[in-house]
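Chain B: place on chain A using the hints.
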Amino acid sequence: MKHVIYRVALVYSLWWLSCCAWGQTDRPAAPRRSMGNLQVGRAAPTFVLPTLEGDGEFDLRQVIGTRPVVLFFGSYT
Amino acid sequence: METLYQTYRDQVEFRLIYIREAHAADGHRPVEYAKRLGIHEHKSLEDRCNTAKSLLADHALTIPCLIDNMQDQVNEAYAAWPDRIFVIRTDGRLAIVARPGPQGFAPALRDTERWLAEFSRTGSEPELPKNAAPAGRTRHVTDPPDK
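Going down the list, the protein sequences come from chains A and B. Converting from the first sequence to our numbering requires adding 81 to each position, the first position being numbered 1. Converting from the second sequence to our numbering requires adding 1 to each position, the first position being numbered 1.
Looking at chain A on its own, in the form it has when it is part of the complex (with noise of 0.2 angstroms):
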């Protein structure tokens, strides 16, 4: 009886594992989208991001204390 259901639970186990293997692609994991850390009043976070123009570079350090920002983010898709 025990080797019945140890062949029980090696199939099974065998199958799970096909099944975990037949999903797996080479596609990027999707990311999580999550509110993050950020609230209203909380100092944003700062960066340097190139342009896209690739005429220089945007320091959101050096925009502070001049003039308000808006940020949008976002891609094609």
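I should point out that these hints are in silico values taken from the structure, not numbers from a laboratory. Ideal placement from N, C-alpha and C gives every residue a C-beta, glycine not left out. Treat the hints loosely; a few may be bogus.
[Said to hold, decoys possible] Selected chain B positions facing chain A (Cβ under 8 angstroms, derived; list incomplete):
#: 1; residue: F15
#: 2; residue: M71
#: 3; residue: L129
Just chain B now, kept in the frame of chain A:
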């Protein structure tokens, strides 16, 4: 977005930050037009720049665009994926923090328009709400260029 930029660009800094694709052809829940236009997950900064250029050209956007780095550091710091809006006051504190994603974008766009209109009309930034969080410490999130 473009309308707000054109209306208030003389008083406020606007930047579009191009981040990783939301629904690339080979990515998470691909959209039909990503397959048709051949928009894939970016493998390099050049890929990201090229797709950003296509977006701006195809939608006639003139708003200045920045490219997030391939470590997605700014995206992660702002929890911005798939899309999100923020307004930063002159003192560096966040005035508007949208909910991420398409559900948050439209309401935040309206809030941003109201904020900008008041700023433009009065010449001073709208007060933060009474329940606003304390400013806390400013965090710099991108590596210096020599790293």
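Among the hints numbered above, which are violated by the structure, and what are their numbers in rising order?
2
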